[in-house]
Amino acid sequence: MQRESEGSREWAMARSLLHINLVAAVAFLLGGSFFALGAVFAQLAVGSRETANITYLIGGFFFSLGGYTSILLVVNLTNVERGSTKVTRTRWWTHQPHQLGWSSAVVLFVGTLLFAVSLVAAFAAGLTPRQSNGWIWLPDILGCVCFLVSGHLAMLDVCGGHIGLRVHSLGWWVVAVNQIGSILFFLAGLAAFTRPATSRSLDIALVNWGTFAGAVCFAIGGGLQMFDKPEPARREVQCNP
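Numbers given in my numbering equal positions in the sequence shown, counted from 1, plus 201.
It is worth saying that the hints were derived from the structure and are not from the lab. Don't take every hint at face value.
[Said to hold, decoys possible] Computed beta-carbon distance windows for the label pairs:
id, residue 1, residue 2, range
1, P330, A246, 18 to 26 Å
2, L223, L366, 33 to 41 Å
3, A406, Q332, 34 to 42 Å
4, W294, S370, 23 to 31 Å
We treat Cβ as the ideally placed atom computed from N, Cα and C, and that holds for glycine.
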């Protein structure tokens, strides 16, 4: 009876991990999709400037949701002890800086919050180049750096402490595609710097198309993550088909 009870608790925790992973995956899928749509609106001048800004802001909300649920996923993955039947309730936060996965998720979430500052500031009108670079560009480029650092830590995590190729691992592909997206976001962010002499971005086409391509990568990564089961959940699904 006790063994059956432990088994049911393990299965419940596995289902919880699957649900958290699904929320994170869908959030990144939607975040990437809205960012890509916003970039198209901006490049093709569809609607007003607010049309693109609102679309970006919606995408930013989903990116932040995905960032937090990524932390939630890592926290509860380590909440299940490897090789143990001990399963505790779902945790909403814990401090695990020694875990690469936790550090990656936290840095990613910080990056999404920096993006949020930039996205909200973009609604302001009449900003000088200095104000634009301070309130819009700087948080944006710092967010891009956070995404790059997060992706590097995630790659170390999935590869066992080093950078390598694991083409047969779906989790590796999720991280790799997202990291390509982060690189594209970073390039777009650099090009978004406003030149004081002209009050224009360095390369608006690179800003829009770089953002579009990077967002598509994150949407693809979110789609792939939907099929990538967390390790404890994968074990339970295999044992309880």
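Report task. Give me the numbers of the hints this structure contradicts, sorted from smallest to largest. Result -> 2 and 3
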